[in-house]
Amino acid sequence: GAVVSQHPSRVICKSGTSVKIECRSLDFQATTMFWYRQFPKQSLMLMATSNEGSKATYEQGVEKDKFLINHASLTLSTLTVTSAHPEDSSFYICSARDLKDASTGELFFGEGSRLTVL
Amino acid sequence: SQQGEEDPQALSIQEGENATMNCSYKTSINNLQWYRQNSGRGLVHLILIRSNEREKHSGRLRVTLDTSKKSSSLLITASRAADTASYFCATVVYGNKLVFGAGTILRVKS
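Going down the list, the protein sequences come from chains Z and P.
Just remember that my numbering sits 113 ahead of the position in the first sequence, which is counted from 1.
Just remember that my numbering sits 282 ahead of the position in the second sequence, which is counted from 1.
Think of the hints as simulated: they come from the structure by calculation, not from any bench.
Even for Gly, the Cβ is constructed at its ideal location relative to N, Cα and C.
A portion of the hints provided could be inaccurate.
As the list claims (entries may be wrong) - Cut-off 20 Å, straight-line C-alpha distance, at most; resulting in silico cross-link-like pairs (EDC-like, lysine to aspartate or glutamate): (1) P:Lys308 to Z:Glu172; (2) P:Lys338 to Z:Glu219; (3) P:Lys379 to Z:Asp211; (4) Z:Lys177 to Z:Glu219.
To be verified - Just so you have them, the derived chain P footprint on chain Z, three or more residues with Cβ under 8 Å: (5) 132-141; (6) 181-187; (7) 194-205.
Can you build the whole structure from these sequences, using the hints too?
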């Protein structure tokens, strides 16, 4: 089955530092990947759509300079939380859609990355 | 942004009982999907129902869709403790983005 690998699964950093999270599709290609943020006991909120070879599309209210997204290849997208602050602490989840099966809309999810900013 | 509401927000049942979760959405859809999330983990796709379908089964899962009411339900029969998780419905909106409902936290007691 389609597998999405997300790394790191947990990261703790000091306020003001930047953190990079990687999302890889291991056995399929994805021109589009999605980044979600989830607070405890809440649903997933779409942050941005990562497009291979072009700029990411951000949802309203999401600061693009704060959350840098790079989608350099058909199997890798990265999210960099720049100058992280405690309010950025959250669970970040990436997902990808198989290029060959884009019509259904089904997404494959990574295991998530829990960011804690001290 | 979230597509709609789910109810109940939380559901606690005994092992062996059935669990029903409901989802409402706002816009027209091509399909509606249900996902499961174990605590602190990623999401797993459970089932997809197309807009021209009214009911779909997969193992112990049964999904219904009422496009006139813009609602769907997920039934888990003969629940097990391992079914304890959060369940989300999701729909594809403009830009081919998947937007999730608020979710139902299911707890199955053994």
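Mind checking, does the stretch 194-205 of chain Z have 3 or more residues with a CB under 8 Å from chain P? violated (count 1)
Hinted pair, alpha-carbon criterion (20 Å max): Lys308 (chain P), Glu172 (chain Z). Please report holds or violated. holds, 18 Å
Mind taking a look at whether chain P covers the stretch 181-187 of chain Z? Criterion is 3 or more residues with CB to CB distance under 8 Å. violated (count 0)
Taking only the CA atoms, is the gap from Lys338 (chain P) to Glu219 (chain Z) under or equal to 20 Å? holds, 16 Å
Straight-line alpha-carbon gap Lys177 (chain Z) to Glu219 (chain Z), limit 20 Å: violated, 26 Å
Given the proposed pairing of Lys379 (chain P) with Asp211 (chain Z), does the C-alpha separation stay at or below 20 Å? With a Cα-Cα distance of about 14 Å, the restraint between Lys379 (chain P) and Asp211 (chain Z) holds, given a limit of 20 Å.
Tell me if chain P covers the stretch 132-141 of chain Z under the three-residue, 8 Å CB rule, please? violated (count 0)
In terms of the numbered hints stated before, the structure departs from hints 4, 5, 6 and 7, listed from lowest to highest.
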